[in-house]
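Going down the list, the protein sequences come from chains A and B.
Letter 31 of the first sequence, counting from 1, is numbered 207 in the numbering used here, and no numbers are missing.
Letter 66 of the second sequence, counting from 1, is numbered 531 in the numbering used here, and no numbers are missing.
Everything labelled a hint here was simulated from the structure, so no lab data went into it.
Check before you lean on any hint, since a few could be wrong.
Claimed, not checked - Residues from chain B that keep clear of chain A, each with C-beta distances beyond 10 Å, as calculated: (1) E477; (2) D562; (3) P807; (4) G822; (5) E824; (6) Q835; (7) G839.
As the list claims (entries may be wrong) - Which bits of chain A does chain B cover? Going by a derived footprint, with three or more residues having C-beta under 8 Å, they are: (8) 215-222; (9) 226-238.
Keep in mind it's a predicted model, so treat the numbers as computed, not measured.
Glycine residues also receive a C-beta, built at the ideal position from the N, C-alpha and C atoms.
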Amino acid sequence: MPDARQIKKPKKKAAVKKEHKQDQAETLSKEKQKKLKELDAYIEGVLEEAGEDFLDQFKQIEGE
Amino acid sequence: MSIPKVVGIEQEYAIQLKGDPTLTAYEASCMLINAYARRIGLREPGMRLFWDYAHETPYEDIRGRLFRKSPTQQVVSDEDNLLINAGLPNGARLYTDHAHPEYSTAECRSARQAMACDKAGEIVLRKALLEMRVLCPEVGVTLYKNNSDHKGHSYGCHENYLMDAHAHENCIAKEAHATARVLIPFLVTRQVFAGAGKVGSEAPHSRHALYQVSQRADFMENLYGLETMYARPMINTRAEHHADAERFRRLHLILGDANMCEVAGFVKLGATQIVLQMMEAGFIPDDWSLKDPINALRHISVEFQAPVEMQNGRRLSAVQIQRLFLEKAEAFKDTAAAALIPDYEEILTRWAEVLNGLEQLKLSPDFDIQDDPGHLLGKLDWILKLWLLNRYRHARDGSWDHPLLPVLDLQYHRVDNQQGLFYKLQHDGLVTRLCAETEIEHFVNHAPDDTRAYFRSRCIQKYARQIFMLNWEIVGFDHGDIHRMVPLLNPLKGTREQFEALFAGADDSKALVSQLDGGTG
């Protein structure tokens, strides 16, 4: 019996660790997703601020 | 003879105007420069600080009289001189070149300093912009640190490297084959880490390109030449050395892209310093000539992994050619000449890191980044921008024809903390930093300690009211009855170590010059 308990314990711990890691990965992934969504919104804002005719108006004189 | 590879960068910024249709880019650029000069106290009544054009010889060619152009020398009035120029207290020059605000960094001993000074230039331009918005709120001005307007117009990010006069004469000016064997293959292929990336094409030869590694490749037409605005060469042969030409020469490279990423800028400058040092020391007897360097430059920009043909018939990719240089540089590192290059080990490490990363990088035919185990996304501009563009286009129809992709490309380079996409990506932790922000900010107000820039910088900081003219190789003081010129013909002299005590003890420029007359300098 003691042996069985000893075997069971680490297994349980590993499972907990795995779950924890999974949770962390999910949280990280959620955080990353959130950041990427923020970035997408930021990009939209920048493009909107630049305006539809930005490229037409962006004309430079030849430099060196 | 091997000498330190002092380096400086000249960056022309794109300028975009809104609000006043009568205002030209030239006028706006001058307003910007003067807004900054005013902000830092260089436009007080009685101050002059003219830029001295006497040492500029754009029509003289290092290859000899046969190549010189017929000059139409323009005389710049005093009024225009001050409108166009500001010699800054950090040893740099901010000025209007044609219709672009241009920031020329102070002379730097190390690639790290030069990269940081170039980044400090972004801050200077941003401050100028903020100042101008206060002074002229009705004028909308934005600035971009890039090299093309996506309509076939280009502006430069030039590099200057100090060379020993004898070596320069032998390797660059008179023996073009020496350059062809070593320097040209290096310059053609370094774009794989130094390129800033660009959507599409601006030249017939790349018309099918969806995305290019380099912004300038479309505009390069020659290996050598005096031109800078058409028929552009990789190596500009202007005989204008800004130093004692008997001992020192300037290698003027005009093929490079503007870098936002610190790693890309650092490796570009550091690897070029090492290759030049090896050339000067005669350490590369090999012949790595490319069969057609200009076509190779364009080809690599469109397809960076494709092999290019060498003169000896071998076909190597740009990364493989860069490996040849890196291996030489590793063998060179314990020589006395290598010791002249600061941060040599770090340059090698970063150079190897990006080449390893490029070997492992997997792109789809449609330019999707499939695998980037070397994390180049945070190190190289062309890959970071590619990632950004891919993210945007895949959220739509996935096409490279989306009209906003070139807009996104340009917004990556915007020099404005609030809107510049590069800064946003950096802020979000996607970009690998080499410098602390404080290190960059230091160079907004201070020159590097270990070149003549220190002397120029301290003169402007302490005696601006007494300076009547200056340029890279001279500081001229107005002492009432007499003008005193202090020549700075040796870029390696005028350092903090040599002159800090002298400046501390000289309350005005008369005292400084008097001490110099006494033989202290």
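Hint-by-hint comparison with the structure:
1. For E477(B), the condition that its CB be more than 10 Å from all CB atoms of chain A is violated, with the nearest at approximately 4 Å.
2. For D562(B), the non-interface assignment is contradicted: its Cβ lies about 6 Å from the closest Cβ of chain A, within the 10 Å cut-off.
3. Distance check on P807(B): its Cβ is at least 29 Å (rounded) from any Cβ of chain A, clearing the 10 Å threshold; non-interface status holds.
4. Annotated as non-interface, G822(B) keeps its C-beta farther than 10 Å from every C-beta of chain A; the closest such distance is 21 Å.
5. No beta-carbon of chain A comes within 10 Å of the beta-carbon of E824(B); the shortest separation is about 27 Å.
6. Annotated as non-interface, Q835(B) keeps its C-beta farther than 10 Å from every C-beta of chain A; the closest such distance is 18 Å.
7. No Cβ of chain A comes within 10 Å of the Cβ of G839(B); the nearest lies about 20 Å off, and the non-interface call holds.
8. Counting residues of the segment 215-222 of chain A whose C-beta sits closer than 8 Å to any C-beta of chain B gives 5, which meets the bar of three, so the coverage hint holds.
9. Counting residues of the segment 226-238 of chain A whose beta carbon lies closer than 8 Å to any beta carbon of chain B gives 9, which meets the minimum of three for the stated coverage.
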